[in-house]
Amino acid sequence: MSIIHVKTPGLLTTVQDLGREGFGPIGVSPSGAADPISLRLGNRLVANAESAAGLEMTLLGGTFLFLEGAILALTGSDFGATLDGASIDLWKSVHVQPGGTLRLGATRSGARCYLCVQGGIVVTPFLGSGSTQILTGLGGFEGRSLRKGDVLHIGSATRSFRKKTISPQVLKYLSPHKVLRVTPGPQMDWFSESSRRAFYAGTYRVSEQSNRMGLRLKGTRVSQSAGGGMITEGISLGAVQVPPGGLPIILFVDQPTTGGYPKIANVISADLHRVGQLRPGDEIQFEQVTLEIARSLLIEQEKLLASAGLILE
Amino acid sequence: MFATLREFTRSVHQTRVEAVPRYPEWNPAVLYTFPKMRTPMTDGARFQPASDQSLLVYFGQQITLDANQRVRKLLRLLELEPVAGIRNLHPAYCSLLVNFDALKSSHSELETILRGYLDRLEAVRLPEQQKREIPACYGGEFGPDLNEVAALHGMTPAQAIELHASVTYVVYFLGFVPGFAYLGELPEALATPRLATPRRRAPSGSVGIAGNQTGVYPFAMPGGWRLIGRTPIAMFRPDRNNMSFLSIGDRVRFTPISSARFAALENA
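Protein chains in written order, with our numbering: chain G, 1 to 313; chain Z, 1001 to 1268.
In case anyone wonders, no lab produced these hints; they're calculated from the structure. Quantities reported herein were computed from a predicted structural model and do not represent experimental measurements. Some hints could be false.
[Unchecked claim] Computed cross-link-like contacts, DSSO-like style, restricted to lysine-lysine with a CA-CA straight-line distance of at most 30 Å: (1) 218(G) to 172(G); (2) 172(G) to 1104(Z); (3) 178(G) to 92(G); (4) 164(G) to 7(G); (5) 303(G) to 1104(Z); (6) 218(G) to 163(G).
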């Protein structure tokens, strides 16, 4: 088994896979990659199963030493990566020679960059997944973000290096988009008509106080017509909840499993990967679609990700 | 509290009926109808899409043991006889959120299946309720809000402790974070609103109260519940067979302990 030496960890780098689903009854949220499409594609570039664990870097990447070499791919946002001083492209398989050093900097596009390595990052699974949940210290590498000096294990790499890249059509599909599409939330009609209009007409800015649990938004306040008295209930991924202050919060991968604030809307599944790439300061708008449209957009997305021409060799 | 909830429920229903036609962007395609009355168990069950891959099943809009028992029965039945395409379940006081794979199922298909399950709830036998005891050291550094809570209700801290420890609570559900049990019902005389500004950090094991609920923080985390004590018991341990100390439906009592006993149990 070969290893990765963490020379610098970056701002917030965690081990993530596609998360653990099915443990809501004991209060465990799914976690997993904030931009699961980037992780899935990165894994495919290095001949891993889509669900293999990789590193999720946030806003500022780290520096990693591969003493025994590796086959890797970087996906998601552009963090200005170099390998032994020479820049390398996103969305391409890369062969790292023994002793190679991968260095990432500050983001030039979205919030998160994924490092996928052939063999995957090996950690002790918690409830079937290697994903890290920072708040509770569960899963991933010691339940925390990486630190300088950490040593990560890579699963055995059995496939030889092949040059692979992602089709331009897919990359175009993944390019940033200001509009998040939503379906109505379960308490949508608790909000006055004018509040709902304001919610859809307004532009929101992602606050600095955003993380994998939720993205706090700044902008038009939304007020409830029927205030208070909400009974705590289950929360779906991407729910847009509105606490008493009126500023919406998009609940995300490390979200609480239940909560007591009304939800005006819910980001559609096909747009959740975009939420994972939103940085503090980014502007977004909400657009309402029907459940049927949301479903067909998800089906379309999965078709695209399953298409034969996705990976170019 | 219940009286206000009831009033509130009424107002919500009024808003619901009026709000729909007033809102031009509302799309009738996403409007769900109220279910027809069927058996006593499905009476009042209401389906509401929460997202494009989830469906909420409501058993009324009040916190009652009866509604919660239906939640637990539906959860139990879905665990015993899993439905293909259902990926996760989030039980709560009087609702169950069902997450599903939209590539395999639609809201209406799932609703049809779940209605079949609801018709069979009467026959579902819940596992025997375990009795659990939580030793807690009240007040002082462990319960920084105890004095204020007692003062708010015109009692001494000792009376507040006695009252909190006098009741057998029911675990309505686990949620929020791993192993966090929503315990009810707190004696009316202790019911206290949340802190106006949540704490940045409530230590792991903190016993809190909020409204007519009480619970124990399994992890050190931010929180708005008023802290009246702390338990040395680990509420959630990933290396334990039953990771969560409490399970849905358990009966729970708090036992006041001294700080010396707390230290002994913590080091045990």
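Between residue 172(G) and residue 1104(Z), is the straight-line Cα distance small enough, at 30 Å or below?
OK: residue 172(G) and residue 1104(Z) at ~27 Å, within 30 Å.
Take a quick look at whether residue 218(G) and residue 172(G) sit within 30 Å of each other, Cα to Cα.
With a Cα-Cα distance of about 28 Å, the restraint between residue 218(G) and residue 172(G) holds, given a limit of 30 Å.
Taken at face value, is the distance from the CA of residue 163(G) to the CA of residue 218(G) at most 30 Å?
violated (43 Å)
Distance restraint between residue 164(G) and residue 7(G), which requires alpha-carbon spacing of 30 Å or less:
Holds, at roughly 27 Å.
Given the hint that residue 178(G) pairs with residue 92(G), does the C-alpha gap stay at or below 30 Å?
holds (26 Å)
Given the proposed pairing of residue 303(G) with residue 1104(Z), does the C-alpha separation stay at or below 30 Å?
With a Cα-Cα distance of about 14 Å, the restraint between residue 303(G) and residue 1104(Z) holds, given a limit of 30 Å.
In the structure shown, a violation is registered for the earlier hint numbered 6 alone.
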